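K.L.:
All chains should be built: construct the whole structure from the sequences, respecting the hints.
Protein sequences appear in the order of chains A and B.
Number 74 marks the last residue of the first sequence (the working numbering); no jumps.
Number 1396 marks the last residue of the second sequence (the working numbering); no jumps.
No lab work stands behind these hints, which were simulated from the structure alone.
One or more of the hints may lead you astray.
Unchecked claim - EDC-like, lysine to aspartate or glutamate: derived pairs with alpha carbons at most 16 Å apart: (1) K26(A) to D1165(B); (2) K57(A) to D1381(B); (3) K1394(B) to E1053(B); (4) K26(A) to D1164(B); (5) K35(A) to E1255(B); (6) K57(A) to D1362(B).
As the list claims (entries may be wrong) - If you anchor each label on the Cβ, the simulated ranges turn out as follows: (7) Q51(A) to N1076(B): 14 to 22 Å; (8) L1372(B) to P27(A): 37 to 45 Å; (9) P27(A) to T1189(B): 54 to 62 Å; (10) D1120(B) to A47(A): 21 to 29 Å; (11) F1176(B) to Q51(A): 41 to 49 Å; (12) A47(A) to S1089(B): 37 to 45 Å; (13) P1326(B) to P36(A): 50 to 58 Å; (14) P1068(B) to Q51(A): 22 to 30 Å; (15) N1076(B) to P36(A): 38 to 46 Å; (16) V1200(B) to P36(A): 25 to 33 Å; (17) P36(A) to T1121(B): 17 to 25 Å; (18) P1312(B) to A47(A): 46 to 54 Å; (19) Q51(A) to N1240(B): 39 to 47 Å.
What the hints assert, rightly or not - Chain B residues, not near chain A, derived (Cβ > 10 Å throughout): (20) G1054; (21) G1173; (22) G1201; (23) G1353; (24) F1396.
Since the model is a prediction, treat every value here as computed from it, not as a measurement.
We treat Cβ as the ideally placed atom computed from N, Cα and C, and that holds for glycine.
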Amino acid sequence: MRRRIPRILLAACLPALLLSACAEVKPWQKGELAKPAMQFDSDPLAARLAQHIYFSKEGASGGYGVGGGGCGCN
Amino acid sequence: MRLQLTMAQSTRPPRVCANEPVDADNNLSQRGAVLAAALALPGVVAAENAPTEGLIAFKYLWYHDQQPGLSRITVNSPSVYTLLPVGESWSVEGTVVVDSISGATPRYHTAISGASDMNDTRAAGEFKLTRYFRRAAVGFGLAYSGEHDYKSTAASLDVRLASDDNNTTIALGTAFTADRIDSSDGTVTGETRQVNDFVVGLTQVLSPTDIAKFNLTYSHGRGYFSDPYKLVDVRPRLRNQTAVLTEWNHSFASESTLRSSYRYYSDSFGVKAHTLGFEFAQGVGSGWTLTPALRYYTQSAADFYFGPTYDPVLGPPFPPGYLTNPPVYSSADQRLSAFGAVTVGMRVDKRFGAWNVDFRYDYYQQRGDWRLGGGGSTGLDPFSAHYVQLGIAKSF
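P.N.:
In structure tokens:
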């Protein structure tokens, strides 16, 4: 129990450190990033349905945000 | 506004990764066209600008799951999502979904005899209002989900802050959920559950072809967590859950994109899980996109899960020693056992101007011996599901 939190904090900080070491990308270099396929939430309904299915069949849930509310399906 | 100032001050001078080629695009007209295209699209490029286009999407899900010798649950689920820009600095989002659920589920482990029949309809809706500022957005959401035996109401607040160059976005969010449980067989009435959720997120443009997202979520729940339809299912009235999610999207030349994700999960029930996901979107011309997907999931069992070895006197579903030394908490729910699971899916998109039509098929299976590193729960039948989604969306 006691070791769980530091491991999570380490996992939390590592990406932030890696990210801060990267280049500044100029607005005119963002054409590829604007493609629909590059968006994190390009199909909100599909993402919601997938999370709902996994939530009701697996022990783990969360990580994607807050506010969806609960249901009796687990 | 004070937060926005803080963000602006923290914007770093340009730096370059040692291993990253700097793209020198010298063609001014090409540069202008790409910029115009980039600015015209909502989402990451103008991270916290109000959307300039509305969207309406409809999806139909058909889902079925089973185990050897038992056809379990079938779900038919239509849903609608809409995003409406309101003026220049507001947007409204709404989602409505109706699930029609029927079939049978085991009352303990994967026991077929005595499986409980169910027939239920769930209606759920979400509403979100977002106010956009120059480099920030504040969203307020409400959600409701109702079945005849389970009602859930939630409210959420989130703040997103973008750096001046829009390459970094920080998101903070919180939600409160209040649930009420009254089982249809009358064994559980007036039970409640309250959950506080928190999220801290970071989205970072890494290069002209890479963007990453990182989320840390924490959930603190109190109340009734047991399953009223399972036998000898008594779970703690407290559940704290932590999840760390990293997503990375990379754009290749030749119209292909790789979306990768990894999630680590840990909770106070003793479940620890790893989830790894890949989607490879490949444009194949004339508005068609094919996206094969692969997901692997592995979890440890909850501390109070017991396997299908029963008390020699009482027999199933009671764990050994149930009479002489009954456990405080116990569950024979397959979902709290140790297992691994694989999903294989394929999505096909076809775009016609402002319209997009999509079809997706997924096959899912979980097995004790697919757990990462071995040590999965034994004595349970494999569980499998397959589902089809058909969608149509229009931007306006």
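K.L.:
Run through the hints listed earlier and report the numbers of any the structure violates, in increasing order.
P.N.:
The structure breaks hints 11, 12, 15, 17, 19, 21, 22; every other hint is satisfied.
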